[in-house]
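> Residue strings, one per chain:
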Amino acid sequence: MGKFTKLSAMIFTLLLVSNGFGQSLFFSGYGRNYTGALINGDHEYTIIQNTFNLNIEHSKNNVAFKVNPYIYQYPNAELKLNLREAYMDIFFDSMDLRIGKQQIIWGKADGVFITDIISPKDLSEFLLRDFEEIRTGITSIKADYYMGNNTLELVWAPTFTPTIMPDDNSFWYPQMYFPIAPTFDNSKRDVEQNVGNGEYFAKYSVLSSAIDFEIMAGYMWDDDPTMHITKTMNSQTKQLTSLTITPEHHRLGLGGGSFSSTLGSFVLRGEGAYYNGKYFNTENPQIADGVVEKNYLHYLVGLEFTLFNINMSTQFIQQAILDYDKPIKNDEFENTMTFLAYKTFLRETLRLELFSYIGLNNSDALVRPKITYDFSDGFQMVFGANIFVGDEGRFGQYDDNDMLYAKIKYSF
Amino acid sequence: MLNKQIKLAILAIFIAIPFITFAQETLTGLQIIQNVYDRPAGEDQVGDLTMSLINSRGDERVRTIKQFVKEFDNMEKKIMYFVSPADVRNTSFMNWSYNEEGKDDDQWIYLPALKRVKRISSDSKSDYFMGSDFTYDDLGDRHPSSDTHKLLREEKLNGEDCYVVESTPKEEEYMYSRTVTWIIKDKWIGMKKEFYDEDGDHLKTLSVKKFEKIDNLWTILHSEMHNVQKNHTTKMELKNVKLNTGIPDNKFTERMMKRGI
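These protein sequences, in sequence, are chains D and L. Read left to right, the first sequence gives residues 1 to 412 (the numbering used here). Read left to right, the second sequence gives residues 1001 to 1261 (the numbering used here).
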């Protein structure tokens, strides 16, 4: 009854809106089937998902709006209906205002989130979702002031939206090692929605012949909760008797920037940010709740080029914890690389692609070969694999989740 | 008195004719190609471009683009909005092409799924544009100094008096070993162009099917590129063309790439 009501409401709204705006309302979107199964074991399905994604747009003179509802349907499960975006635009001579739920993407990096921190991530399927789907929209007011090719952008998000984590029973639920089964105390997990708990971001960007660059700053909440750990010990045996984990989001300040420039046939990219007030888990027994506050740097350099008519791109990423203490669980320096190679055939209707993340600290990797074929205009088939290499680390923890998948998508 | 004037005029004409003929004959290949390059195209242009890709079986795929072009002091700026097919709608492409010899174009692409304007290398001039038979270089204005030009002959083509000019690239690794262009004498329009591959074999032929004077400027409206080796054709039609409408400078910015048409 719940999903029926939602669907009915959606259809009713669409009809109402269509009648009101007549021909000037523009509809686009896609329908898609996405099926994936494990390579190992019983070849269990990792996903069977049917998707309907709709963009409804209208513009008139200096105003416009867009609504992007989407439905995920899984076998024997409730329909998941949501709005990826729903916003209004007001265009002035030198300024644009966008108000409502929106995805805001900053930075120059591919597949790495350094200054791209406004729209939280949906990690329900780890990092495997398409770019459009991995970022969630946030309710905010965005103002862009233009001076030629220079832009000042200010964003105010009145409420906090955290990262969407995989369900406990999901294939993609991250590994957490505890000596005994922990108890979760979620009493501090939510950030109260009030005026004082908003997020604020500013960016100044330039697009020019020589270089494109952005300088940004943010006063935000850490999208990922810090896991505060409370231990209870038996005073006689010195054995751990209980472990309580209290997830809590903390304030985070950051400043950074990114650039992109061409050097002959190469495109050189860089991006970096200084995070102030990030919490890390520590094994130092002197620390009561198992976390310490440290500042840290996150940056990358990347190069895009063509070799043997194959388009390639590589990035080196480093996360460095400043004023590092040995008992911190994370490494002082965590190094990652990405590598992308692709080539198109048959007049760009067939694309072969290989993308991979390589974790240098744990010698783990995620390797993603993919074949995309445009059977006809708007009708696309994708066949691919997600191969996890290693035993531990961000990618190696999913070593048992190697999967093959197919996506069939019709765009209209 | 009148008789004397007529005699002088006739004499002048007889003296001038050989010089006029001589002047025409002495136009070099470079001068002819330079005239094509310099043919006025207006301060700005807006139009709807339809590209039809037809393969050897006759199957057709259609791409539609809205494009804006404007001349600036030292460069030409172009912005293209992809209208169809549906999966590329709202993608935009911006190109800044510099008059300065040897200076590479700057190019950016906006992909709506990424919601980001991304700088791309303009080095891929030999890549085919959207799967068509036109390379990025075919679509741009190749500077005359990039090739060595030789006037081969003069002949009529489709009723038009044409110069036939062979152009050989100075760059050894260029994708074509040579091109041969039929240029209409009084209009400086390349009416037909043959492209030869690196082995010297005929690769493709560009034919201009329709051109008109818009705002007193010759404008190509319909052309076809036929790849003779793969028997594949791309028809390119420009509709709703407007010249000199005063497109504002800020049309060619990141803001407009993101906002769309």
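Simulated from the structure, these hints should not be mistaken for lab results. Where hints are given, some of them may not hold.
Said to hold, decoys possible - When the alpha-carbon atoms are kept at most 30 Å apart in a straight line, the in silico DSBU-like pairs for lysine-lysine are as follows: (1) K409/D with K1077/L; (2) K1193/L with K370/D; (3) K142/D with K1103/L; (4) K370/D with K1210/L; (5) K409/D with K1187/L; (6) K1193/L with K66/D; (7) K409/D with K1213/L; (8) K1251/L with K101/D; (9) K142/D with K231/D; (10) K1251/L with K142/D; (11) K370/D with K1125/L; (12) K1210/L with K1078/L; (13) K343/D with K1210/L; (14) K1193/L with K1230/L; (15) K1210/L with K66/D; (16) K60/D with K1077/L; (17) K60/D with K1115/L; (18) K60/D with K1103/L; (19) K1066/L with K101/D; (20) K142/D with K1077/L; (21) K66/D with K1239/L; (22) K343/D with K1150/L; (23) K1118/L with K121/D.
> With reference to the structure, classify each hint as holding or not holding.
Structure-based check of each hint:
1. K409/D with K1077/L: violated, 35 Å
2. K1193/L with K370/D: With a Cα-Cα distance of about 39 Å, the restraint between K1193/L and K370/D is violated, given a limit of 30 Å.
3. K142/D with K1103/L: This hinted pair is violated, its Cα atoms lying about 37 Å apart.
4. K370/D with K1210/L: Violated, because 42 Å separates the two Cα atoms, which is more than 30 Å.
5. K409/D with K1187/L: Given that 30 Å is the threshold and the Cα spacing comes to 48 Å, the pair is violated.
6. K1193/L with K66/D: violated, 45 Å
7. K409/D with K1213/L: Violated, at roughly 44 Å.
8. K1251/L with K101/D: holds, 27 Å
9. K142/D with K231/D: violated, 44 Å
10. K1251/L with K142/D: Holds, at about 21 Å.
11. K370/D with K1125/L: holds, 26 Å
12. K1210/L with K1078/L: OK: K1210/L and K1078/L at ~22 Å, within 30 Å.
13. K343/D with K1210/L: violated, 35 Å
14. K1193/L with K1230/L: It holds: about 17 Å lies between the C-alpha atoms, which stays within 30 Å.
15. K1210/L with K66/D: violated, 40 Å
16. K60/D with K1077/L: holds, 27 Å
17. K60/D with K1115/L: Within the cut-off at roughly 22 Å; holds.
18. K60/D with K1103/L: violated, 40 Å
19. K1066/L with K101/D: holds, 29 Å
20. K142/D with K1077/L: holds, 28 Å
21. K66/D with K1239/L: Holds. K66/D to K1239/L sits at ~29 Å (cutoff 30 Å).
22. K343/D with K1150/L: Roughly 37 Å between the alpha carbons, so the hint for K343/D and K1150/L is violated.
23. K1118/L with K121/D: Distance of about 21 Å is within 30 Å: holds.
Violated hints, in rising order: 1, 2, 3, 4, 5, 6, 7, 9, 13, 15, 18 and 22; the structure is consistent with all others.
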